[in-house]
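First to last, the sequence lines map onto chains A and B.
Numbering that gives the first Met the number 0 numbers the first residue of the first sequence as 0 and each following residue consecutively.
Numbering that gives the first Met the number 0 numbers the first residue of the second sequence as 0 and each following residue consecutively.
If you're looking for bench data, these hints aren't it; they were derived computationally from the structure.
The structure displayed is predicted, hence computed values, not measured ones.
For every residue, glycine included, the Cβ atom is placed at its ideal position computed from N, Cα and C.
Careful, some of the hints might be misleading.
[Stated by the list, open to error] Result set (PhoX-like, lysine-lysine): computed pairs, CA atoms no more than 25 Å apart in a straight line:
{"#": "1", "chain 1": "B", "residue 1": "302", "chain 2": "B", "residue 2": "374"}
{"#": "2", "chain 1": "A", "residue 1": "374", "chain 2": "A", "residue 2": "302"}
{"#": "3", "chain 1": "A", "residue 1": "302", "chain 2": "B", "residue 2": "95"}
{"#": "4", "chain 1": "B", "residue 1": "95", "chain 2": "A", "residue 2": "95"}
{"#": "5", "chain 1": "B", "residue 1": "302", "chain 2": "A", "residue 2": "95"}
[Claimed, not checked] Distance ranges between label pairs, derived from CB positions:
{"#": "6", "chain 1": "B", "residue 1": "373", "chain 2": "A", "residue 2": "45", "range": "36 to 46 Å"}
{"#": "7", "chain 1": "B", "residue 1": "145", "chain 2": "A", "residue 2": "39", "range": "16 to 26 Å"}
{"#": "8", "chain 1": "A", "residue 1": "7", "chain 2": "B", "residue 2": "179", "range": "54 to 64 Å"}
{"#": "9", "chain 1": "B", "residue 1": "128", "chain 2": "A", "residue 2": "107", "range": "34 to 44 Å"}
[Claimed, not checked] Stretch-level coverage of chain A by chain B, calculated; a stretch enters the list once three of its residues show a Cβ under 8 Å from a Cβ in chain B:
{"#": "10", "segment": "71 to 79"}
{"#": "11", "segment": "293 to 305"}
2 protein chains.
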Amino acid sequence: MTTLYSGERLTAIYHLTGNETEARAKAQDLTLEQTVELPDALVTDPTIRANIIGRIDELTPIASDLYSAEISFSVETIGDELTQLINVIFGNISIKPGIRLERIELPPSLLKIFHGPRFGRVGLREFLNVPERPLLCTALKPMGLSVEELADLAYQLALGGIDIIKDDHGLANQPFAPFEERVVRCAEAVARANQDCGGHSVYAPNITAPFPVILERARFAKQHGAGALLICPGITGLDTMRALADDDEIALPILSHPAFQGSYIADRTSGISHFCLFGQLNRLAGADAAIFPNAGGRFFFTKQDCRALVDGCSTNMGTIAPIFPTPAGGMGLQRVPEMRAMYGRDVILLVGGGLRSHSPDLVANCNFFRELAEKM
Amino acid sequence: MTTLYSGERLTAIYHLTGNETEARAKAQDLTLEQTVELPDALVTDPTIRANIIGRIDELTPIASDLYSAEISFSVETIGDELTQLINVIFGNISIKPGIRLERIELPPSLLKIFHGPRFGRVGLREFLNVPERPLLCTALKPMGLSVEELADLAYQLALGGIDIIKDDHGLANQPFAPFEERVVRCAEAVARANQDCGGHSVYAPNITAPFPVILERARFAKQHGAGALLICPGITGLDTMRALADDDEIALPILSHPAFQGSYIADRTSGISHFCLFGQLNRLAGADAAIFPNAGGRFFFTKQDCRALVDGCSTNMGTIAPIFPTPAGGMGLQRVPEMRAMYGRDVILLVGGGLRSHSPDLVANCNFFRELAEKM
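Model the full assembly from the supplied sequences, consistent with the hints where possible.
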């Protein structure tokens, strides 16, 4: 039966709290917990011992009472599925304290299975006809507006040259702006504005939706002129996003929104790193852009968190393309120069309410946003 | 447009850290963040102010620097979808510190939309033909066993009278035990044992799987004799589980496994309470049993956590039936009397490795497990 095992391994890097003895015990526990779920003494089969139980490849002190553990697993524990990959790297172990998933490294055989983003940075720039400058994004809000009001807003934002006009992620299928009607009217409004001003704006409806209708909504959006999709993989599951990215009929850029994922990064000594969750896992699961709350906005990410996330969006993952970090969360136009300086040009700048409050002339505000973004 | 709003509201109860001023600021922020995502001053439409922004119905001190906030939202913010319900009660706010979702209260109009568990406690007892005693459950493990070995194990466990023989949640579709072959052989083995001993055991395969194939796997399992299903809603998304529970063709009991959900309960001052996450949300999303790590096992739940979880499994939720708490996670047979005393009879006792290590005679161990569980 050993021929089942290729010898190829994936590696997950964890930070473990405790002194060396404690950290080693955690690492050893992890090798069992994420695979056989039995005490070591009960695993007698030599093939299983050699090929299923995880292996501690390195355990290094990195700070006082903090260790970095590189633990590798046979690719065969995964069975080619993202759901099981998530389970092996952070399933049960999410329930134990003092273990933080920092980074993953996948071998070629797994990278071949996960296609990652359909567009990535290069593809999205081509798709949106924006070769160099930062991309501009805003949100249709607030929840409660009618379809007519949202479409009017979308028209003006497109006239102002915003590249991606997305639904607020709280727009689902509510009675005040039902999904299908909203998509038809907002996509039409953006197309009309593009014609009127020669622009290339796209509308990105929120397709975070119940399991049985999500594919249907994505297809409806595509057929009715949406130019991108917004989804919250924390709510739908990461593999749902992956399936949408892999769907050749849908074939639209995907913006990943962090709603319901905050608990993974709430505690510095457990959960998942910003690098891995918003960068690596978003990419594996097909996102072209990772929306996140910028440092100094309504949320509490630090600059260091944001930089780590940006690294996760672009770190080498073989065939998995880099994606756009998309800082957001209460950014006003006055902060654009600072964001431009911090993130460089490979960024999607997402300004929501701040774009609306700058002056009463929304189109002028959009133009000003673009000028700020273009300045180096 | 006011006719769109019924006046019915759902309520979410949060624990907020800080002094009264800080807690009130958090509560106010929450009413905006979970709905309009705009600063209060930018929301000028009176209909939206009255119907969309959340409302602080109560703010009560419960400990030093800890407040309980009851915040209600119009049912229209939900649009009848579990995905958007999750978003409204804990989407963006999951990213802010010092806010813990403790409990939800849904009005009749929402409870009517979510059917909850198909079986619940009463239905599962009927289905398994176990009117009174605690139900017995175990797991096929370790990962790495062949289909033949798993089926042999399943046969013996069924012969020993274990009510539910589930896959370990790490069994997916790996080369050593591919899903379809495993389901066919294990279901057949359990059926044969039932015939041989006049039992009623069921086999519950793990259907945690990629989005495009999960429904297919559940149907395959049903068609080939599986008697229940195991799923990790933290990985697939809660609504995926709900869709499976609502599927009249599948119509099997569902065991919910907590893999990848640990981060929601890692920090006592953020995330989601055990009561709400494993109790209320599991029920809303159609689970018949909530698997969780028992106090004093391989994980770190306290007795208080476990009791809160049990409460969440049975608290009045209108038409949503109570479900079985299913303590697990490194329980040996010697702990069954204590679990019996703590959980009473309305429990599924899940003993995995402990059942195997008790003595070399697995069938005898199963019988002993049952005797212990039947004793009051």
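Hint check results:
no.: 1; hint: B:302 to B:374; in the structure: 22 Å, holds
no.: 2; hint: A:374 to A:302; in the structure: 22 Å, holds
no.: 3; hint: A:302 to B:95; in the structure: 16 Å, holds
no.: 4; hint: B:95 to A:95; in the structure: 22 Å, holds
no.: 5; hint: B:302 to A:95; in the structure: 16 Å, holds
no.: 6; hint: B:373 to A:45: 36 to 46 Å; in the structure: 39 Å, holds
no.: 7; hint: B:145 to A:39: 16 to 26 Å; in the structure: 21 Å, holds
no.: 8; hint: A:7 to B:179: 54 to 64 Å; in the structure: 24 Å, violated
no.: 9; hint: B:128 to A:107: 34 to 44 Å; in the structure: 51 Å, violated
no.: 10; hint: 71 to 79; in the structure: holds (count 5)
no.: 11; hint: 293 to 305; in the structure: holds (count 3)
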